[in-house]
Amino acid sequence: MGVARKHSNDRLQGTLDLLVLKTLASRGPMHGYGITQHIERLSNETLRLEEGSLYPALHRLTHAGSLQSEWGASENNRRARYYSITAAGRKQLAQEEASWGQLTEAVARVLRHA
Amino acid sequence: MAWTERLINVLRRSSLDAEIDAELQFHIEQRTRDNIEAGMPTDEARHDADLRFGGRLRAHEQTRDADVLVWLETIGQDVRYAVRNLRHSPAVTGVIVASLALAIGASTAMFSVVNAALLRALPYADSDRIVMLWTANLLNGSMEQNTSVPNMEDWKARARTFEDMAAYRVSQGPLIDRMQSGFDTEWIRYVTVTDNFFSLLGRSSAAGRVLTREDFSSGERVAVVTHSLWQRRFGGSADVIGKRVGLGGLDVEIVGVMPDGFWFPTKDVQLWMPATLDPAWQRNRDNRGTRFGIVFGRLVRDLTIEHARAELRGVAAQLRRQYPTENADLDVNLVPLHVQVLGRRVPFMLEMLFGAVLCVLLIACANVANLLLGRGVARRREIAVRAALGAGRRRIARQLLTESVLLSCAAGCLGLIAAPWSMGALIALAPPNIPRLDEARIDIPVLLFTLGLSVVTGVLFGLAPAVWMSRGGSEDLTRQTTRNSALGTSARMRGAFVVCQFAVALVLLAGAGLLIRSLLAVQSVDSGFGDLRVVMAHLRFNNALPRERRTGLYQGAMDRIRQLPGVRTVGAIGTMFWDGDGGKFGLRAVDGHADTPRDQWESLTWTTVSGDYFQALGVPLLRGRFFRDTDTRNAPPVVLINETMARRYWPGEDPIGHRIKGFDARGTNDEWVTVIGVVKDVHSRGLDRAPAAQIFEAQSQSLDETENLVVSAATSGLPETLRRAIREFDPTAVLSDVSTLDDRLVEQSAQRRFQTYLLTAFAVLALLLAAAGIFATMHYWVAQRTQEIGIRMALGAERRTVVAMVFRETLVLAVAGVGVGVVGALAATRTIASLLFGLTPHDPATFAAVSLGLTAIAIIACCIPAARAARVDPMLALKIE
Numbered sequence: 001m002g003v004a005r006k007h008s009n010d011r012l013q014g015t016l017d018l019l020v021l022k023t024l025a026s027r028g029p030m031h032g033y034g035i036t037q038h039i040e041r042l043s044n045e046t047l048r049l050e051e052g053s054l055y056p057a058l059h060r061l062t063h064a065g066s067l068q069s070e071w072g073a074s075e076n077n078r079r080a081r082y083y084s085i086t087a088a089g090r091k092q093l094a095q096e097e098a099s100w101g102q103l104t105e106a107v108a109r110v111l112r113h114a
Numbered sequence: 001m002a003w004t005e006r007l008i009n010v011l012r013r014s015s016l017d018a019e020i021d022a023e024l025q026f027h028i029e030q031r032t033r034d035n036i037e038a039g040m041p042t043d044e045a046r047h048d049a050d051l052r053f054g055g056r057l058r059a060h061e062q063t064r065d066a067d068v069l070v071w072l073e074t075i076g077q078d079v080r081y082a083v084r085n086l087r088h089s090p091a092v093t094g095v096i097v098a099s100l101a102l103a104i105g106a107s108t109a110m111f112s113v114v115n116a117a118l119l120r121a122l123p124y125a126d127s128d129r130i131v132m133l134w135t136a137n138l139l140n141g142s143m144e145q146n147t148s149v150p151n152m153e154d155w156k157a158r159a160r161t162f163e164d165m166a167a168y169r170v171s172q173g174p175l176i177d178r179m180q181s182g183f184d185t186e187w188i189r190y191v192t193v194t195d196n197f198f199s200l201l202g203r204s205s206a207a208g209r210v211l212t213r214e215d216f217s218s219g220e221r222v223a224v225v226t227h228s229l230w231q232r233r234f235g236g237s238a239d240v241i242g243k244r245v246g247l248g249g250l251d252v253e254i255v256g257v258m259p260d261g262f263w264f265p266t267k268d269v270q271l272w273m274p275a276t277l278d279p280a281w282q283r284n285r286d287n288r289g290t291r292f293g294i295v296f297g298r299l300v301r302d303l304t305i306e307h308a309r310a311e312l313r314g315v316a317a318q319l320r321r322q323y324p325t326e327n328a329d330l331d332v333n334l335v336p337l338h339v340q341v342l343g344r345r346v347p348f349m350l351e352m353l354f355g356a357v358l359c360v361l362l363i364a365c366a367n368v369a370n371l372l373l374g375r376g377v378a379r380r381r382e383i384a385v386r387a388a389l390g391a392g393r394r395r396i397a398r399q400l401l402t403e404s405v406l407l408s409c410a411a412g413c414l415g416l417i418a419a420p421w422s423m424g425a426l427i428a429l430a431p432p433n434i435p436r437l438d439e440a441r442i443d444i445p446v447l448l449f450t451l452g453l454s455v456v457t458g459v460l461f462g463l464a465p466a467v468w469m470s471r472g473g474s475e476d477l478t479r480q481t482t483r484n485s486a487l488g489t490s491a492r493m494r495g496a497f498v499v500c501q502f503a504v505a506l507v508l509l510a511g512a513g514l515l516i517r518s519l520l521a522v523q524s525v526d527s528g529f530g531d532l533r534v535v536m537a538h539l540r541f542n543n544a545l546p547r548e549r550r551t552g553l554y555q556g557a558m559d560r561i562r563q564l565p566g567v568r569t570v571g572a573i574g575t576m577f578w579d580g581d582g583g584k585f586g587l588r589a590v591d592g593h594a595d596t597p598r599d600q601w602e603s604l605t606w607t608t609v610s611g612d613y614f615q616a617l618g619v620p621l622l623r624g625r626f627f628r629d630t631d632t633r634n635a636p637p638v639v640l641i642n643e644t645m646a647r648r649y650w651p652g653e654d655p656i657g658h659r660i661k662g663f664d665a666r667g668t669n670d671e672w673v674t675v676i677g678v679v680k681d682v683h684s685r686g687l688d689r690a691p692a693a694q695i696f697e698a699q700s701q702s703l704d705e706t707e708n709l710v711v712s713a714a715t716s717g718l719p720e721t722l723r724r725a726i727r728e729f730d731p732t733a734v735l736s737d738v739s740t741l742d743d744r745l746v747e748q749s750a751q752r753r754f755q756t757y758l759l760t761a762f763a764v765l766a767l768l769l770a771a772a773g774i775f776a777t778m779h780y781w782v783a784q785r786t787q788e789i790g791i792r793m794a795l796g797a798e799r800r801t802v803v804a805m806v807f808r809e810t811l812v813l814a815v816a817g818v819g820v821g822v823v824g825a826l827a828a829t830r831t832i833a834s835l836l837f838g839l840t841p842h843d844p845a846t847f848a849a850v851s852l853g854l855t856a857i858a859i860i861a862c863c864i865p866a867a868r869a870a871r872v873d874p875m876l877a878l879k880i881e
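Just so you know, the protein sequences line up as chains L and P, in that order. Residue numbering for the first sequence is 1 to 114, as defined by my numbering. Residue numbering for the second sequence is 1 to 881, as defined by my numbering.
Quick caveat, the hints were computed from the structure, so don't treat them as lab data. Among the clues, some could well be false.
Across the chosen pairs, the derived CB separations fall in these ranges [unchecked claim]:
| # | chain 1 | residue 1 | chain 2 | residue 2 | range |
| --- | --- | --- | --- | --- | --- |
| 1 | L | T15 | P | E44 | 26 to 34 Å |
| 2 | P | D34 | L | S84 | 19 to 27 Å |
| 3 | L | R112 | P | D17 | 47 to 55 Å |
| 4 | L | S84 | P | E61 | 23 to 31 Å |
| 5 | P | A849 | L | E70 | 54 to 62 Å |
| 6 | L | E70 | P | E44 | 31 to 39 Å |
| 7 | L | S84 | P | S89 | 36 to 44 Å |
| 8 | L | T15 | P | L51 | 20 to 28 Å |
| 9 | L | N77 | P | M493 | 42 to 50 Å |
| 10 | P | A98 | L | N77 | 55 to 63 Å |
| 11 | L | S84 | P | A867 | 53 to 61 Å |
| 12 | P | D34 | L | E70 | 18 to 26 Å |
| 13 | L | S84 | P | L876 | 48 to 56 Å |
| 14 | L | T15 | P | L876 | 52 to 60 Å |
Derived, one-sided and incomplete: chain P residues facing chain L with beta-carbon distance under 8 Å [to be verified]:
| # | residue |
| --- | --- |
| 15 | L24 |
| 16 | F26 |
| 17 | H27 |
| 18 | Q30 |
| 19 | G55 |
| 20 | R56 |
| 21 | Q62 |
| 22 | R395 |
Glycine included, C-beta positions come from ideal geometry on N, C-alpha and C.
Just need the whole structure built from these sequences, with the hints factored in.
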């Protein structure tokens, strides 16, 4: 909705959103720390988030309706907040994936032909 | 997270902060743990976790901002969107806001009265712990009698449920300020109080001081006055402290002024002084047999009145055994102060009226829900588009709720603006016996009430349309069948609203109908007084004078009045109208009769009259004779009785010449008095109660005084001449409450009129709203079926058939509503049985009339939709799709 739109101009922010959405779409409900680990592992530790910046994004996406969250028990039985993607979140993911594809393709073309 | 939860988050920042903290903490601990497992030393593991996490405070704040800002932003969005939408349809918006404003305004005014009279605490510290303690008489069922000082002291000494008890005695007399010329003598009520009176009530003075224990031991003549007396008589000046005024033959010094709004025991009591100054106190201090005054006490904290009642009953029983002569048959009756102040009829009436106005609001809500549903049909496409664009169901429902709450809050504001006027009208109409009505105003509780009511009504009438429309949103736009079934749901929902509206309206109408018929019945009761134009007045002489002197003055005043131009007859009576506390009495002896068993006793009054009381009022003598000048103190005592009395003791007999004795079984007067005449019954207890048995004795043979003057005259300007004549006769005499008998009788039914007018007004409002509701519903019904009607007509249906179709649909709804309403009304009217007169709460005529009337209104309301249906052009209708 409005808020998501407002931030979608912000590429970096958009990238984080995209990673989070993609992670949750493919892996099911996870807590914030799990998301961090997942992104780091898959990117071969290339993408190192400032981990604290993940949480404002998670909360923002939740309020925008892309994610939903609930408190549950973690693997070692601690109380943790689990996030999962909603139908609206999947739509957003599809859009962002598409525009990310366009962007990277455009950048790649420029790099190839410049 | 639901938006309600978010609202709670904003209100309770700390819990939100704690949640975020927990989440971030979990992350850092988890990372630290993994680091340790990977072989880092503990310190380093923690340091690395912090480093990777970045600024923890910043993360926290940004997360919180995301929570709060998003919430605020979407709310703002919803409101902007709602305003835009409402602006698009100003007619619907106007109708909704106006009808709701009416209902909310009426509810607000009614609530301000309920708040002032019932809810606001009395002006004493912990006023709900203050309890009145009356002496009750087991013999005649009299529940509110005065108490003797020794009995009060025994109660106080033996009861553990009370922190303290105090007593007061209500007196009245002329207030005289000798220092001030042109100071009209004013008759005021004042009380003499025990030394702990003010400390028990827990209030201090606004100026000067309250009465202290020393005032009582020293016997100083001091007094504390009300704020209003101070303002009225002394212009609110500070030098009132130390001023001396004359009161009831005493010179008293004013030592204090109580704060504005303080009163006890009633608002007309203007002054308090020590009981030690009261001659009755001096006489009664140690006498258990004479009743000084009224006792009240403060319950021990956290104890209920039931505890106290049980304990005090036990104490009273002890005292009965201990003092069989003075305390035989004496019990104690505990009444919470607020019940004493309000009585039992006023709260019930106000609750009933408040319930009625909320019913009106409910009907208005149903109307608005109906309108929104109707509009929803038109908005379905817009909502479906929004849903297709990704708006969630909840979000759409919330959006619609925002709209309805916005509407109701606008209506609430309008209602609040109108509230001072409606409150003024209410107060002007109200009977004088609602004790704290003058305190009604728009204050914080009333504002909160209106705000709460607006939000609740907004949610209430917005909920059904919001749920229905948001459900529609997720459906496929193109599927016609779905659309039709959704429309069917909406039509059924609207039909249900109409049925409910009619049911509630019928309940109110039935109640109003019953009250109107009761009022008419009461007004047609023959009061028994022959001439209602008689002028009545309260005439009193300085009570410091000896009684003989006062009665002499009274006779002189009556002689003087008799000579005024146009005056025909003059008389006076001790008590003309009786409220009656339900006490029942028997006679000590009636010659030729066995004693009446106590369980057969009934209300009986014994009153003193002087002059030509009966002649002035046009009360005819049925048998025997009136009093004569020869009925003096030395002549054999004689009485007149009324019809009810004659019927009770001498049915089918001539009571003249029979003799009676005393008042109750322990009457002090042990002489036989002879019945010399029977007068016609008058309704001395109000037109709605049967006349009580009455005995009248002549002032010349009585110990009591007659203060209520009745003057029959041929002229109309009597009140003014009367005032002038009395002022010339004796400047210290106080003439008050001058009115005609007719006015006095009208005043007696003020409460009945108030509740009848108000309930009728609410019922009419309900009727109009219900009529508007069925009109709108049938209007939409016809609009939705334009196509169907067109097809029918094209296939040869006559206009008559189409019109009949509309009326049939209307009748189905109206009759269903009336049916449900009758069932509800049968239950509801039973609760107002005590307010009715001369008919049962299930009066068939009233029920039939309101049922038929309501159905007729429904038919009238759907004439326009029916005409519209008849005008449908088959060709145009078929082209629509």
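Quick check on P:Q62 please, does its C-beta sit within 8 Å of some C-beta on chain L? Holds, about 4 Å.
Pairwise beta carbon distance, L:S84 to P:L876, judged against the given window 48 to 56 Å: About 53 Å separates the Cβ atoms of L:S84 and P:L876, which means 48 to 56 Å holds.
Supplied contact hint for P:R56, tested at 8 Å Cβ to chain L: holds (6 Å)
Take a look at whether the Cβ-Cβ distance between L:R112 and P:D17 falls inside 47 to 55 Å. With a Cβ separation near 50 Å, L:R112 and P:D17 satisfy 47 to 55 Å, so the hint holds.
Range hint 31 to 39 Å: satisfied by the CB atoms of L:E70 and P:E44? At roughly 34 Å between Cβ atoms, P:E44 and L:E70 fall inside 31 to 39 Å, so the hint holds.
Does the Cβ distance between L:T15 and P:E44 fall inside 26 to 34 Å? 30 Å Cβ-Cβ, so the 26 to 34 Å window holds.
Using the nearest Cβ pair, does P:G55 come within less than 8 Å of chain L? holds (6 Å)
Using the Cβ atoms, figure out if L:S84 sits within 36 to 44 Å of P:S89. holds (40 Å)
Is the gap between the beta carbons of P:A849 and L:E70 within 54 to 62 Å? Cβ of P:A849 to Cβ of L:E70: about 59 Å, so the range 54 to 62 Å holds.
For the hint 53 to 61 Å, verify it against the beta carbon of L:S84 and that of P:A867. holds (58 Å)
Hold the hint about P:H27 up to the distance rule: shortest CB distance to chain L must be less than 8 Å. holds (5 Å)
Let's test the interface hint: is any C-beta of chain L closer than 8 Å to that of P:Q30? Holds: closest Cβ of chain L sits about 4 Å from P:Q30, inside 8 Å.
No hint from the list above goes unmet by this structure.
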